[in-house]
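Protein chains: 4
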Amino acid sequence: MGGKPIWLYQLSKAGKLCVPAMNVNDSVTKQKFDNLYCCRESILDGLKRTTDVMFGGKQVVVCGYGEVGKGCCAALKALGAIVYITEIDPICALQACMDGFRVVKLNEVIRQVDVVITCTGNKNVVTREHLDRMKNSCIVCNMGHSNTEIDVTSLRTPELTWERVRSQVDHVIWPDGKRVVLLAEGRLLNLSCSTVPTFVLSITATTQALALIELYNAPEGRYKQDVYLLPKKMDEYVASLHLPSFDAHLTELTDDQAKYLGLNKNGPFKPNYYRY
Amino acid sequence: MGGKPIWLYQLSKAGKLCVPAMNVNDSVTKQKFDNLYCCRESILDGLKRTTDVMFGGKQVVVCGYGEVGKGCCAALKALGAIVYITEIDPICALQACMDGFRVVKLNEVIRQVDVVITCTGNKNVVTREHLDRMKNSCIVCNMGHSNTEIDVTSLRTPELTWERVRSQVDHVIWPDGKRVVLLAEGRLLNLSCSTVPTFVLSITATTQALALIELYNAPEGRYKQDVYLLPKKMDEYVASLHLPSFDAHLTELTDDQAKYLGLNKNGPFKPNYYRY
Amino acid sequence: MGGKPIWLYQLSKAGKLCVPAMNVNDSVTKQKFDNLYCCRESILDGLKRTTDVMFGGKQVVVCGYGEVGKGCCAALKALGAIVYITEIDPICALQACMDGFRVVKLNEVIRQVDVVITCTGNKNVVTREHLDRMKNSCIVCNMGHSNTEIDVTSLRTPELTWERVRSQVDHVIWPDGKRVVLLAEGRLLNLSCSTVPTFVLSITATTQALALIELYNAPEGRYKQDVYLLPKKMDEYVASLHLPSFDAHLTELTDDQAKYLGLNKNGPFKPNYYRY
Amino acid sequence: MGGKPIWLYQLSKAGKLCVPAMNVNDSVTKQKFDNLYCCRESILDGLKRTTDVMFGGKQVVVCGYGEVGKGCCAALKALGAIVYITEIDPICALQACMDGFRVVKLNEVIRQVDVVITCTGNKNVVTREHLDRMKNSCIVCNMGHSNTEIDVTSLRTPELTWERVRSQVDHVIWPDGKRVVLLAEGRLLNLSCSTVPTFVLSITATTQALALIELYNAPEGRYKQDVYLLPKKMDEYVASLHLPSFDAHLTELTDDQAKYLGLNKNGPFKPNYYRY
Numbered sequence: 001m002g003g004k005p006i007w008l009y010q011l012s013k014a015g016k017l018c019v020p021a022m023n024v025n026d027s028v029t030k031q032k033f034d035n036l037y038c039c040r041e042s043i044l045d046g047l048k049r050t051t052d053v054m055f056g057g058k059q060v061v062v063c064g065y066g067e068v069g070k071g072c073c074a075a076l077k078a079l080g081a082i083v084y085i086t087e088i089d090p091i092c093a094l095q096a097c098m099d100g101f102r103v104v105k106l107n108e109v110i111r112q113v114d115v116v117i118t119c120t121g122n123k124n125v126v127t128r129e130h131l132d133r134m135k136n137s138c139i140v141c142n143m144g145h146s147n148t149e150i151d152v153t154s155l156r157t158p159e160l161t162w163e164r165v166r167s168q169v170d171h172v173i174w175p176d177g178k179r180v181v182l183l184a185e186g187r188l189l190n191l192s193c194s195t196v197p198t199f200v201l202s203i204t205a206t207t208q209a210l211a212l213i214e215l216y217n218a219p220e221g222r223y224k225q226d227v228y229l230l231p232k233k234m235d236e237y238v239a240s241l242h243l244p245s246f247d248a249h250l251t252e253l254t255d256d257q258a259k260y261l262g263l264n265k266n267g268p269f270k271p272n273y274y275r276y
Numbered sequence: 001m002g003g004k005p006i007w008l009y010q011l012s013k014a015g016k017l018c019v020p021a022m023n024v025n026d027s028v029t030k031q032k033f034d035n036l037y038c039c040r041e042s043i044l045d046g047l048k049r050t051t052d053v054m055f056g057g058k059q060v061v062v063c064g065y066g067e068v069g070k071g072c073c074a075a076l077k078a079l080g081a082i083v084y085i086t087e088i089d090p091i092c093a094l095q096a097c098m099d100g101f102r103v104v105k106l107n108e109v110i111r112q113v114d115v116v117i118t119c120t121g122n123k124n125v126v127t128r129e130h131l132d133r134m135k136n137s138c139i140v141c142n143m144g145h146s147n148t149e150i151d152v153t154s155l156r157t158p159e160l161t162w163e164r165v166r167s168q169v170d171h172v173i174w175p176d177g178k179r180v181v182l183l184a185e186g187r188l189l190n191l192s193c194s195t196v197p198t199f200v201l202s203i204t205a206t207t208q209a210l211a212l213i214e215l216y217n218a219p220e221g222r223y224k225q226d227v228y229l230l231p232k233k234m235d236e237y238v239a240s241l242h243l244p245s246f247d248a249h250l251t252e253l254t255d256d257q258a259k260y261l262g263l264n265k266n267g268p269f270k271p272n273y274y275r276y
Numbered sequence: 001m002g003g004k005p006i007w008l009y010q011l012s013k014a015g016k017l018c019v020p021a022m023n024v025n026d027s028v029t030k031q032k033f034d035n036l037y038c039c040r041e042s043i044l045d046g047l048k049r050t051t052d053v054m055f056g057g058k059q060v061v062v063c064g065y066g067e068v069g070k071g072c073c074a075a076l077k078a079l080g081a082i083v084y085i086t087e088i089d090p091i092c093a094l095q096a097c098m099d100g101f102r103v104v105k106l107n108e109v110i111r112q113v114d115v116v117i118t119c120t121g122n123k124n125v126v127t128r129e130h131l132d133r134m135k136n137s138c139i140v141c142n143m144g145h146s147n148t149e150i151d152v153t154s155l156r157t158p159e160l161t162w163e164r165v166r167s168q169v170d171h172v173i174w175p176d177g178k179r180v181v182l183l184a185e186g187r188l189l190n191l192s193c194s195t196v197p198t199f200v201l202s203i204t205a206t207t208q209a210l211a212l213i214e215l216y217n218a219p220e221g222r223y224k225q226d227v228y229l230l231p232k233k234m235d236e237y238v239a240s241l242h243l244p245s246f247d248a249h250l251t252e253l254t255d256d257q258a259k260y261l262g263l264n265k266n267g268p269f270k271p272n273y274y275r276y
Numbered sequence: 001m002g003g004k005p006i007w008l009y010q011l012s013k014a015g016k017l018c019v020p021a022m023n024v025n026d027s028v029t030k031q032k033f034d035n036l037y038c039c040r041e042s043i044l045d046g047l048k049r050t051t052d053v054m055f056g057g058k059q060v061v062v063c064g065y066g067e068v069g070k071g072c073c074a075a076l077k078a079l080g081a082i083v084y085i086t087e088i089d090p091i092c093a094l095q096a097c098m099d100g101f102r103v104v105k106l107n108e109v110i111r112q113v114d115v116v117i118t119c120t121g122n123k124n125v126v127t128r129e130h131l132d133r134m135k136n137s138c139i140v141c142n143m144g145h146s147n148t149e150i151d152v153t154s155l156r157t158p159e160l161t162w163e164r165v166r167s168q169v170d171h172v173i174w175p176d177g178k179r180v181v182l183l184a185e186g187r188l189l190n191l192s193c194s195t196v197p198t199f200v201l202s203i204t205a206t207t208q209a210l211a212l213i214e215l216y217n218a219p220e221g222r223y224k225q226d227v228y229l230l231p232k233k234m235d236e237y238v239a240s241l242h243l244p245s246f247d248a249h250l251t252e253l254t255d256d257q258a259k260y261l262g263l264n265k266n267g268p269f270k271p272n273y274y275r276y
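Protein chains in written order, with my numbering: chain A, 1 to 276; chain B, 1 to 276; chain C, 1 to 276; chain D, 1 to 276.
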C-alpha cells in the first residue's frame, strides 16, 4: 500500500536516486487513512478471522505508537482490551500516556499478556527470549512492515513443533506443551488476514495517481533528483474528492476571513509543517 | 500560552523580522499538550464552572477541527454529547468524518444545537445572523484565539438586553425573551473560565526555555532573521523530561536496530515532516 | 444461545407449563455477556466478513437499544460510525440520548444511512416501504432474534432481482439498478456470519448447566410449574469461575463491613432487583 | 438525592415500617440518571474544581463498580486516565474486566496511583494503612455514600498535620513531608464540590413526586407496610416526559407488533426484572 520511504531517502542521500521521487507514503491522506484509520479496523478484523478471540478483558501489548499503533490501540481499547505500549520515541510515548496507556518495556508485561502486536517498522522487536516467556495461547502478530518485526527464524529450531491449525495460523509448541499462536508467519496481518476497504484503496490510489501526474506535468526544474512530499494542495484535493461519500459539507471562507488569515480561499489551508 | 505564529511568518515574509525567532507554538509537545490534550479537559471544565450544563444528550457544534477542536470533540463525544463539525479544510473535514462526526455548515444545525464552540483561529465565524437563529438557552463560547471568532460587537445593539448572571456569564436577551448564554464575552474560555494544569504549564515553559537557550547558544550563522521550528531533538527532550511523572519506561534501540533504521540511538527518532 | 423467554412466560400464564423452568436468558451473566459484550464484537465481525465495509464515517441506524443494541452501538460509535437509534421504550430511548445517540423514527433517516441493523425482538421493523427508500448499497442485517425483524418476504416479488454475491450476502436489485445488500437473508448475523468466542460459550453453558443442576437437586416444593430466574448466588458463582482467566482479584469483605452492609461475606451481594 | 434504601428494607424486615414506602432510589431513571450519568460528569467536575488535576495519563483506582463506579470509570478512561477497579461482587468484577479495567485489591496498586475514589456504599474501604502507603500528592475522595468510606478519623492523630489549602481541600501531611490531598473531608464529592445539573434534579424530583402521588391515590390494599419499587409504567412515564428536551422521537408499535410481543402499545414495555 505504499511502503516505508526510508530507503528512498537513503538512496537520495547516497546520491543514487536518478529521477525525482514523491514520498506518497507520508502524504496526510495516506498516513491518516491507510495507516491510522484502516489499521483501527483491520487489527480487529485480522484477529477475529484468524483466532475468533474475544477482545473484552484481554491484555494486549502493542509495540510502537505511530499511526499504525495508534489505530490498533484505539480500537482494542474501545472494545474492552487492556493495552500496554512499548516505544523508543519519548514524544510518541508521552502521547500514549495522555491517551491512557501504560508505557512499558516488553519484558515487564510479556508473561501476562494475551496478545502481542508489533507496529514499529523495526526488526527483531519480538525475540526468541520474549517468545519463550509468553504464556500459553498467547497470540503474536505483526501490523508493522515486512516480516522482520518478529524473529520468526528463531522459532525454526528442532525442539519446537509447528502445527498449522488454519490458513495463516500456526501453533508453535514448546516441549512443555505451551503453544504460541503465530499469525501469518510474522508477515503483515492487515494484508494477509484482513481485507482493505475500497474507500482506503480509493484514497491511496488517487494520491499515487496525482503524484505521478504532478511529476509528469511539472515544468522542468521544479523537481530535481530528490525525494518530495506531495504538494499540500493535492493532499487537500484528494480529501475533497472523498467528502461527498460522507455527505460532508465544507464551509467556505468569506473574502474578509481569507484576508484575515492570509489564505487563498481555495487553499492550501495549512503550512507544510502542520501535523493534523 | 504561546499564541498563533501566523503574524511572525507575515513579519518574516515582509522582511521586517530583525532577529531569529522560534515558532514554539508549532513544536510537537506544545501542539499536542497545550492544544489537544489540555483543551480536551478545559472545554469540560470551562463549561461546567460557568453553566453547570449536563453534557449527556446535548447537541453541540464545534467550528474547526484542528488540534483544539479535536480535543473538544473527543471529550464531549465521550461524555455523551452529539457533536457536529464545521470545517474549511477538506483534510480536517475528512478526519472529522472518520472520527464519527457529521461535517455540516453552521446554518444547517444552528437552530437545533444546545452549545456552539469556536476553535478556528478565524474571525466572525459566529455572526449576528447565527445568533439570531439560535434556540433559547443556547450556550456560545470561544476556545480558538483572541476574541474575534464570535461577532460579539453585533450583540451590542439597543434591542438586545445584556444580563450578567455570574462572573464570565452573560445572558443576551432578544425582544421575544430568547436568551443566548455568552461565556467570557467571546474571549478564550480555557483561559477565562478554566485553569491550566501545572503539567501543561511545565511542558510549555520547558519548550520556551529550551528555545531561548538554543537561540542564545547557537553558533553564529545557524539562525538568520527568519522563523524556525524547534529542533526535533529538543522536542523529544522536553517529552522525555516529563515521562517519569507517568512512570513510563522507554525502550532503547539495540545497535543492530539503530543501524537497520539508520537512526542514532539517542534520537532524533523521526523525520522533520512526521505528524505524530 | 438461549432464546427469548417470552414464550415461556406466555405458556406459564396460560397454565400450560407442566414443569418448572429456569429463565436462563435473563440471568445477569447471560444478558451481559452473551448479549451486550458478545454482540459488541460480533456486529463488527459479521459486517466485516460479509461486506468488508469500512466503519469510519458511515451512517448507521440501529433499531432497538436493549442489551444487543447497546453492544452494537458502542462498538460502531467507537470505530467512527455515526449511529442513530429507534426505540419504542422511553427509558431505553433516554439511555440512548445520554449515551450520545440521536433517537429518531426510522423514516427520518432511512434515505441517508449506509447500514440498517435490527435488534428489537419484534417483527416487521424494516418493511418493504423502508427498503424501497434506502439508498444504493445500503447494508441491511438482523442482530435481534429469529428472522422476523426484516420483512424479507416482501422482497420476493417479481420486479426485484436477487443476486447471491458471496455466501450469506445477497444483492437485491431494484428496477432502477439500486442494490440493497441483505445479509444472511434476514436471519441472525451473529450466528450466521460471525463466530461465538469460547469465553462466551463457557459462560452460557455454565449458566445452563447450573440451572439444570438446581432444578434437579431442589427439594420438592421449591419450584412449581412456573418460570424462575436463576438464584443470584449462582449467577455470582458463574462470574467468579471466569474471573481467573482475566487475572482479576476480588476483594473480601471484613466481618465488620459485612455486618454494616447486612450481607453474607460469600454473597449474594445484591438484591434481586439490582440492574448491574 | 434519594439515599440508600438498605435501611428501609431492614426496617421492613424487622416489622417496624408503619406505612407503605416506595424505594425511589432503585427506580430505573433514578439509578441510571442520578447515579450513572450524573456521576460520569460530576467526578470530573468535582476533581477539577478542587484540584485542577489533569486527567490524561493519571493512574486512578476506583473502589466499587456499581452505577456510580461505572460512571466515574467511563469518564476518567475517556479522558486518558488509567483506571483500576476493586470489587467484592464477582458479577460487577467481570463487567469491569469486559469494560477494559484491571480488577485488583487496593493494596496491589495503592503505592502507584495518583487518585483514589470510593464508590462502594461500604465503610472503611480506605484505611489508615492504605493512606500511609499512598504516594506524595495522591488525591483521595468519596463518591459513594455518607462519609464512612474513607477512614478519616484515623487521620486525626497528632503526628499528622492538616492544612486547609482551599475550600473543601485539605492536605494531610505525614512527618516525612508526604502530603495526601483529601477532598471534602471524606464526604460526598459530587454533593460537596460539584453541582447537580437541573436535568438530573428534574428526573429525580419527578420520580419522587410520582411515587407520592401513587401512594396517595392507590386504592386501599394495593400497598401494605412494605417497601415497593416504582411501577414500571411510572418509570417509563418519567422518561417520556424528558425525551422532548433531547428532540428524541419514539417509535410506536403497530397493532400487529404489539400483539406479537404481547405488549400494550402504551407500555409497560419490559418485565419487572429487566436490567436496562
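Derived from the structure by calculation, the hints contain no laboratory data. The model shown is predicted, which means the values in this text are computed figures rather than measured ones. Cβ atoms here follow ideal geometry from the backbone N, Cα and C, with glycine treated the same way. There may be inaccurate statements among the hints.
[Claimed, not checked] DSS-like, lysine-lysine: derived pairs with alpha carbons at most 30 angstroms apart:
1) Lys105/D - Lys224/C
2) Lys224/C - Lys178/D
3) Lys259/A - Lys123/B
4) Lys259/C - Lys224/D
5) Lys270/A - Lys178/B
6) Lys232/D - Lys123/C
7) Lys270/B - Lys270/A
8) Lys77/B - Lys77/C
[Unchecked claim] Which residues of chain A face chain B? A few of them, derived with a C-beta cut under 7 angstroms, are:
9) Val28
10) Lys105
11) Lys135
12) Asn136
Hint check results:
Restraint check for Lys105/D and Lys224/C: the C-alpha separation of about 42 angstroms exceeds 30 angstroms, so the hint is violated. A threshold of 30 angstroms between alpha carbons decides the hint, and for Lys224/C with Lys178/D the separation of about 63 angstroms lies outside it, so the pair is violated. Between the alpha carbons of Lys259/A and Lys123/B the distance comes to roughly 10 angstroms, so the proposed pair stays at or under 30 angstroms and holds. A hinted pair counts as satisfied when its Cα atoms are at most 30 angstroms apart, and Lys259/C with Lys224/D qualifies at roughly 28 angstroms.
The hinted pair formed by Lys270/A and Lys178/B fails the criterion: a straight-line CA distance of about 38 angstroms is larger than 30 angstroms. A hinted pair counts as satisfied when its Cα atoms are at most 30 angstroms apart, and Lys232/D with Lys123/C qualifies at roughly 24 angstroms. Only pairs whose Cα atoms come within 30 angstroms are accepted, and Lys270/B paired with Lys270/A is accepted, the gap being roughly 21 angstroms. Straight-line distance between C-alpha atoms of Lys77/B and Lys77/C comes to about 10 angstroms, which keeps the hinted pair within the 30 angstroms bound.
Taken as an interface hint, Val28/A checks out: its beta carbon lies about 5 angstroms from the nearest beta carbon of chain B, inside 7 angstroms. For Lys105/A, the interface hint holds, the least distance from its beta-carbon to any beta-carbon of chain B being 5 angstroms, beneath 7 angstroms. Because the closest C-beta pair between Lys135/A and chain B is about 21 angstroms apart, greater than 7 angstroms, the hint is violated. This hint is violated: Asn136/A has a C-beta 25 angstroms from the nearest C-beta of chain B, more than the 7 angstroms allowed.
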